[in-house]
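Take a look at the letters that make up each chain.
There are 2 protein chains.
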Amino acid sequence: MPQAPVLSIDAFGGDNSPEIVIEGIEHFLTAHDHSGNVKFILHGDSEKLRPLLERAPLTDAYSTIQHTDTAIDMETKPSQALRRGKGTSMWNTIESVKKGEAILAVSAGNTGALMAMSKLQLRMKAGVQRPAIAASWPRVEGMCVVLDVGANIECDAAQLTEFAVLGEAYFRAIYNKESPTVGLLNVGTEDLKGNAVIKAAHQRLFESELDINYIGYVEGNDIAMGTADVIVTDGFTGNIALKTAEGTAKLVGSFLSEALQGSAWSKFTSFLNMRALKKMKTSIDPRNANGGVFLGLNGIVVKSHGGTDAIGFSNALNIALGLAESDFLEQIEETLLRLHDEDDNIGFIA
Amino acid sequence: MPQAPVLSIDAFGGDNSPEIVIEGIEHFLTAHDHSGNVKFILHGDSEKLRPLLERAPLTDAYSTIQHTDTAIDMETKPSQALRRGKGTSMWNTIESVKKGEAILAVSAGNTGALMAMSKLQLRMKAGVQRPAIAASWPRVEGMCVVLDVGANIECDAAQLTEFAVLGEAYFRAIYNKESPTVGLLNVGTEDLKGNAVIKAAHQRLFESELDINYIGYVEGNDIAMGTADVIVTDGFTGNIALKTAEGTAKLVGSFLSEALQGSAWSKFTSFLNMRALKKMKTSIDPRNANGGVFLGLNGIVVKSHGGTDAIGFSNALNIALGLAESDFLEQIEETLLRLHDEDDNIGFIA
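Residue numbers (the working numbering), protein chains in the order written: chain A, 1 to 350; chain B, 1 to 350.
If you're looking for bench data, these hints aren't it; they were derived computationally from the structure.
Since no wrong hints were added, every one of them can be taken at face value.
Identical copies go unnamed one by one, so any copy, or any two together, can satisfy a pair.
The calculated BS3-like cross-link candidates involving lysine-lysine, where the alpha carbons are at most 25 Å apart (straight line), are:
no., residue 1, residue 2
1, K193, K119
2, K199, K77
3, K119, K86
4, K77, K193
These numbers were taken from a predicted model, which means no experiment stands behind them.
Could you put the whole structure together from the sequences, leaning on the hints where they help?
Here it is in structure tokens:
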């Protein structure tokens, strides 16, 4: 029997930690019956964690605590986190991966600090400049993956090409699809659209002999419509697109509630139809898409939304376990090597 | 009694012209009882228009036809449109504004061609580099305005500052709000977020002594949440945000339909609750936000979505009439002059 993968958990990261972290793990173990398939190292203050574990018997059974009484708060700047962060729950969470005690790290803490510490401790894959953050995005059928959603505010064409490689391997790993389609986000699908960086990345991807199923430019509406499995963009555009979609889904949800609660009759008929409406609410629940992944490091770091609840945190663990059970890191290692060889051969400078 | 404003209409622009254009005007006149408050010049083939006007008596009563038998199609490139476009229905629609026969132009035709012809014929306001396209965007209460949504793929800080001035005056003109709030779209609200262009525009807007109610950075989710009345961004980001929101609204709508039609029981209870669900559908109907406006020209050009229907076209006319009845052009003239004076005084180079 293969050994159960070990996930390293920052129990003191995020707005409502450590409570939602422990409840999230318990929910994950209960709902998906993962007991025995996965183990956890919980980083944080053991005195505060013990009483929580008493109410979370499955988590208690499959976890060990590595004590530390310091943590990074949401306001700490990345530079401060690097100077003073050693020994905090976040630092130790990543260190467990570096030491080989765990296969990947999960934190709902401060994104900038997590990114800086991950880079410092795990280092980038050879040739990769900065990690990209990949987000899962609901679409008509299942999920797609969008990257970068915020790590790289300005990107060159070489980075966008790397994102395509990283995102493609990531999608394959978590959704088990042989040859996922990859699109480049642009303001139109004609060749003459976009800026110089996007055009260069477009040409590079088209000419590449890597086995990437590149389908060309896609537009904003294509994300939710499911035109491509993986959508590549710079971190500025990706972050704004992601938050715009979240805002839109929230707006539509509030219009729906308003419409259904407008009159006593509406309330009554909505009550009769509660199951269908619940199903719909689940489809657009942002908690189901929780869990951004830092790609391009020598190790895997999963970032949960800081303000999520136990169900959201449990979803981030779902993504984490999918990655832990795949050969994602070996696959991208190999593809990135081939990409950079190709770059050298064609003298590609973005 | 003041004279009724005259709108110049490209009757042969858009996917389903001239039918939806004539039906759209008729719907506009019927639904809003604008008969007598507005007149139209219809540009296009009179032989094809006459039978349509027989079925649209109000449109017939308040319109005159200016005949031309050529039109710009959706595939024509802007450069071709400039070389060969003279005398087409689109060209003549803009020319009517230039000649002073009409107060503004409305077309559902090819955006690139309309932009190029508008610039050539109407010219930019002094100091403005390129027009911006402003879009109306549904939010929790009413609408907000986002610009640019696609005319300027790359923008400098001076342009973003101009967009703030143009958008603020536009919002005041169509929604009659004294001091609308203006936000700059970014990946976070902290001062250190964003790229150099955005930071420069942010500082410029904060230090300006123009009467702009600038509230600082806003994020993607703030658009639909209604944090600001006017949201300023470059045309690349704005276009992707707009289409991402459209895709998300469509996705949520399809989840809703699916949920409500899942079982006979769902269908039955949805039927009972049809009025509430219809109200909700109206709230997110993209036709209600139809009508982008080119800002920064010596004249007003309203661009309807090319694939819209009569109701969508009628909504573009709503926006057009709101502008025609306001003193928008005089207002921005004055504010732009003061902006550029201020730029000169502080030696602002983006």
